[in-house]
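**Student:** Read off the chains here:
There are 2 protein chains.
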Amino acid sequence: MESLLYRINRRRLLETINVSSSIGASENGGLSRLALSEEDKTMRDIFVEWLHQEKLDVRIDDFGNIYGRRKGKRNDGPTIAVGSHLDTQPCGGRYDGVLGVLAALEVIRVLNENNIETEFPIEIINFTNEEGARFGPPMLGSGGVTENFTKNFIYNIKDSNDITFKQALKSIGYMGEIENRLSNVKNFIELHIEQGSILEKNNTSIGIVEGIQGMSWLIVKVTGETNHAGPTPMENRKDALLATSKMIGRVNDLTKEFDGLKTTVGTLNVKPNITNVIPGEVEFIIDIRHPSNETRANAIESLKEQLSTIALMNDVEITITTDWTSDAVEFSQVVTESIREASEKWGYSSLNMYSGPGHDAKYISQVAESGMIFVPSCKGISHNEQELTVDDDIEKGANVLLTVINNLANGTN
Amino acid sequence: MESLLYRINRRRLLETINVSSSIGASENGGLSRLALSEEDKTMRDIFVEWLHQEKLDVRIDDFGNIYGRRKGKRNDGPTIAVGSHLDTQPCGGRYDGVLGVLAALEVIRVLNENNIETEFPIEIINFTNEEGARFGPPMLGSGGVTENFTKNFIYNIKDSNDITFKQALKSIGYMGEIENRLSNVKNFIELHIEQGSILEKNNTSIGIVEGIQGMSWLIVKVTGETNHAGPTPMENRKDALLATSKMIGRVNDLTKEFDGLKTTVGTLNVKPNITNVIPGEVEFIIDIRHPSNETRANAIESLKEQLSTIALMNDVEITITTDWTSDAVEFSQVVTESIREASEKWGYSSLNMYSGPGHDAKYISQVAESGMIFVPSCKGISHNEQELTVDDDIEKGANVLLTVINNLANGTN
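These protein sequences, in sequence, are chains A and V. Going by UniProt numbering, 298 is the number at position 298 of the first sequence; the sequence numbering is gapless. Going by UniProt numbering, 288 is the number at position 288 of the second sequence; the sequence numbering is gapless.
Check the hints yourself; a few may be wrong.
In this list, chains with the same sequence are indistinguishable; a pair is considered to hold if it fits within one copy or across any two.
To be verified - 20 Å max Cα-Cα, derived EDC-like pairs, lysine to aspartate or glutamate:
id: 1; residue 1: Lys379; residue 2: Asp57
id: 2; residue 1: Lys379; residue 2: Glu235
id: 3; residue 1: Lys186; residue 2: Glu147
id: 4; residue 1: Lys238; residue 2: Glu200
id: 5; residue 1: Lys246; residue 2: Glu283
id: 6; residue 1: Lys271; residue 2: Glu281
id: 7; residue 1: Lys201; residue 2: Glu235
id: 8; residue 1: Lys271; residue 2: Glu283
id: 9; residue 1: Lys256; residue 2: Glu235
id: 10; residue 1: Lys238; residue 2: Asp253
id: 11; residue 1: Lys201; residue 2: Glu225
id: 12; residue 1: Lys256; residue 2: Glu301
id: 13; residue 1: Lys379; residue 2: Asp315
id: 14; residue 1: Lys379; residue 2: Glu225
id: 15; residue 1: Lys41; residue 2: Asp62
id: 16; residue 1: Lys256; residue 2: Asp315
id: 17; residue 1: Lys246; residue 2: Glu281
id: 18; residue 1: Lys221; residue 2: Glu305
id: 19; residue 1: Lys379; residue 2: Glu281
id: 20; residue 1: Lys256; residue 2: Glu283
id: 21; residue 1: Lys201; residue 2: Asp315
id: 22; residue 1: Lys151; residue 2: Glu179
None of these hints come from the bench; they were simulated from the model.
Working from the sequences, and respecting the hints, build out all of it.
**Tutor:** Structure representation (structure tokens):
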């Protein structure tokens with residue numbers, strides 16, 4: 001099959017998305033469809049029906065992940081998996097996760113209506129509780145099947161009403177079997193909205209996601225000496241905020257030393273925070289990201305040294321502790337190359353980029369050669385009812401997904 | 001009289017201070033003697049008794065200020081006034097204000113026991129509600145008699161229990177007559193603790209206060225653009241905190257351009273203050289002080305320009321508004337010279353300096369040639385139960401006060 005002979009049915013895909021947008025619809029055009037809620041159950045039931053309509057072999061695993069399997073010529077061969085999640089944030093958007101699942105369904109429909117047989121089987125997946133809004137942490141379904149979390153851990157997580165994940169899963173009727181978990185996967189592809197504004201600002205339709213940035217949060221505590229602003233001479237001061245202001249400059253300049261590094265100081269608190277009192281203590285948190293774990297580690301090491309020097313020169317004490325770290329993920333070059341080729345064939349503009357947020361593909365990449373396709377988010381807004389990806393971009397993203405899935409399932413890439 | 005023939009009675013002064021320290025004593029060695037409270041009444045009653053014991057002519061004015069007048073040879077001539085306040089902050093110290101009143105009393109006692117007649121009459125004063133802790137703003141007694149506040153304004157100020165100044169004044173029995181207000185004053189001298197650490201750090205006993213610094217508070221609001229830390233490229237950011245950090249550096253550097261200028265950023269708040277979100281807004285307040293009103297105005301003008309340039313270069317918006325201004329006060333050269341000479345005669349180390357905080361002398365300087373003597377505060381601590389001035393420094397300050405009062409009251413200076 002030459003993939004360009006086939007294209008997705010734009011109207012059908014948009015209508016399918018519209019059905020989803022009506023389930024858990026919030027007042028201002030968004031969605032509130034928390035994982036394992038009644039709304040999630042309704043969406044799942046409809047989704048399972050759609051899978052059956054496409055004659056897929058439907059199964060549910062012990063985390064409630066839903067799989068729809070389409071046979072391949074080599075049905076005992078490895079699977080090409082595609083999907084994302086149907087749950088949302090409270091007052092979230094209509095596209096985050098949803099697009100990746102429903103565009104995958106559209107791909108299956110196109111293959112089916114054209115009677116296309118692929119070499120390898122294709123599995124479309126809806127992962128449970130990606131958002132982590134009801135049951136934290138996020139990505140429990142994909143993290144469960146890849147054994148990043150134990151079953152025991154996941155089952156006992158409670159929501160704000162003290163209902164456990166296990167209870168919620170049973171109550172909506174989606175407690176499946178451990179035998180049904182994802183296995184023998186060759187590739188996993190996730191189409192997702194960017195949740196940033198790079199594609200929009202570059203007037204580009206397709207983001208070829210090379211990986212997910214690694215991230216560390218460093219808590220910096222600067223201790224000086226609280227004193228009255230009136231009598232204390234400038235030269236005798238130990239001003240924690242003045243020292244901090246120099247550190248923030250340094251944190252920013254670090255991105256010029258390490259190519260591709262991103263640093264942000266988003267949280268900063270001053271003590272005692274009184275106008276005529278020299279600040280005795282400032283605590284701030286540095287968010288530091290890079291696609292390479294090694295580069296991030298080197299940058300952190302260098303930064304710690306530089307901040308300590310600033311502290312010394314400003315006569316203040318400093319402590320730096322790592323609050324949280326999430327390692328970078330590098331996606332498969334086979335998959336990114338496949339996405340690049342598909343975009344080119346379709347004549348769509350594309351851009352290589354890294355994802356800031358995590359996604360189900362982060363965990364699945366541990367067991368399969370994986371990749372992600374991004375489509376533009378208007379103004380970069382997500383986790384918000386105003387979230388929007390325009391129809392043209394939805395169509396383009398789904399067309400690229402169709403081509404990539406078809407190529408991978410035929411071993412063309 | 002040659003003043004050096006007489007010295008204050010250290011033991012008596014310390015015992016008098018000890019009596020004060022027992023009235024409204026707080027658990028940790030401090031004082032809680034709010035203006036016009038029961039504790040304040042007890043202190044006032046004892047103070048009035050002490051004044052009577054010294055045969056002073058006691059009078060109370062319509063703000064509750066207490067005066068004790070000692071006749072001079074020229075009893076119709078102008079008065080030499082000396083004093084401070086006996087009220088304290090909640091959990092304040094034992095010396096702030098109290099020292100100035102009780103050392104003045106000690107001066108009177110020395111003059112009396114040595115039968116010294118002065119040319120001009122001497123008045124010792126306890127001003128009502130200097131602290132402003134119960135009835136804000138501060139310095140109501142001294143501000144009232146100098147007509148910086150109207151009687152109507154002062155009388156209607158309410159404390160946190162909705163009790164007016166007037167009600168409180170009546171209820172403790174210290175509502176006096178308008179005719180009793182301060183009048184025909186030649187000089188006013190206030191001995192006070194430094195409330196800073198300059199004297200201590202310079203190992204100096206006497207601060208010759210040349211004036212009270214003028215002060216402005218500028219509210220700076222920096223507006224950038226809130227965005228996710230992950231996807232937003234460094235070059236597309238409008239980071240309000242990064243821009244602010246450069247401004248804080250500039251605020252500090254300004255003190256190198258203007259000799260004697262003091263700048264402090266004590267208050268700073270970040271919005272939304274979330275670790276992985278680029279700050280969209282920062283508001284901070286600049287405290288800027290200088291003994292000269294003109295220099296402070298020039299510095300502010302220069303600073304506004306410089307901050308606007310930083311805003312422009314960092315692609316953020318800035319607004320700067322003046323929150324509050326208090327003009328500088330220049331004390332009388334006759335008085336500061338008298339303090340310098342007295343310190344020299346006693347062989348005490350001294351230092352010319354400016355006061356950061358305001359004091360009763362600020363208002364009285366509008367109607368009389370005024371000045372202040374500072375004595376060291378351990379570690380610069382005040383408005384705190386840990387406030388301390390050591391006995392040696394108390395003695396030295398009071399000796400200088402004795403000499404200055406005596407000289408001024410004899411027209412020697």
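**Student:** None of the hints should be skipped; say for each whether it holds.
**Tutor:** Comparing the hints with the structure gives:
1. Lys379 <-> Asp57: Classified as neither; 39 Å inside a copy, 78 Å across copies.
2. Lys379 <-> Glu235: For lysine 379 and glutamate 235, only the inter-copy Cα distance (16 Å) is at most 20 Å; the intra-copy one is 46 Å.
3. Lys186 <-> Glu147: Only inside one copy: lysine 186 and glutamate 147 sit 18 Å apart there, 88 Å across copies, limit 20 Å.
4. Lys238 <-> Glu200: This pair counts as between: shortest inter-copy Cα distance 17 Å, intra-copy 45 Å.
5. Lys246 <-> Glu283: both (14 Å within a copy, 18 Å between copies)
6. Lys271 <-> Glu281: Cα proximity of lysine 271 and glutamate 281: in one copy and across copies (5 Å, 19 Å).
7. Lys201 <-> Glu235: Result: close only across copies, 12 Å inter versus 47 Å intra.
8. Lys271 <-> Glu283: The answer is both: 9 Å in one copy and 15 Å across copies each meet 20 Å.
9. Lys256 <-> Glu235: between (32 Å within a copy, 11 Å between copies)
10. Lys238 <-> Asp253: Intra 24 Å, inter 15 Å, cutoff 20 Å: inter-copy only.
11. Lys201 <-> Glu225: Answer is between; shortest inter-copy Cα gap is 15 Å, intra-copy 45 Å.
12. Lys256 <-> Glu301: Only inside one copy: lysine 256 and glutamate 301 sit 15 Å apart there, 34 Å across copies, limit 20 Å.
13. Lys379 <-> Asp315: Between. Shortest inter-copy distance 17 Å satisfies the 20 Å Cα cut-off; intra-copy 43 Å does not.
14. Lys379 <-> Glu225: between (43 Å within a copy, 11 Å between copies)
15. Lys41 <-> Asp62: within (16 Å within a copy, 77 Å between copies)
16. Lys256 <-> Asp315: Classified as between; 19 Å across copies, 27 Å inside a copy.
17. Lys246 <-> Glu281: Both: 15 Å inside a chain and 19 Å across chains, each within 20 Å.
18. Lys221 <-> Glu305: Cα proximity of lysine 221 and glutamate 305: one copy only (15 Å, versus 32 Å across).
19. Lys379 <-> Glu281: between (36 Å within a copy, 18 Å between copies)
20. Lys256 <-> Glu283: For lysine 256 and glutamate 283, neither the intra-copy (24 Å) nor the inter-copy (27 Å) Cα distance is at most 20 Å.
21. Lys201 <-> Asp315: between (43 Å within a copy, 17 Å between copies)
22. Lys151 <-> Glu179: Within. Shortest intra-copy distance 14 Å satisfies the 20 Å Cα cut-off; inter-copy 87 Å does not.
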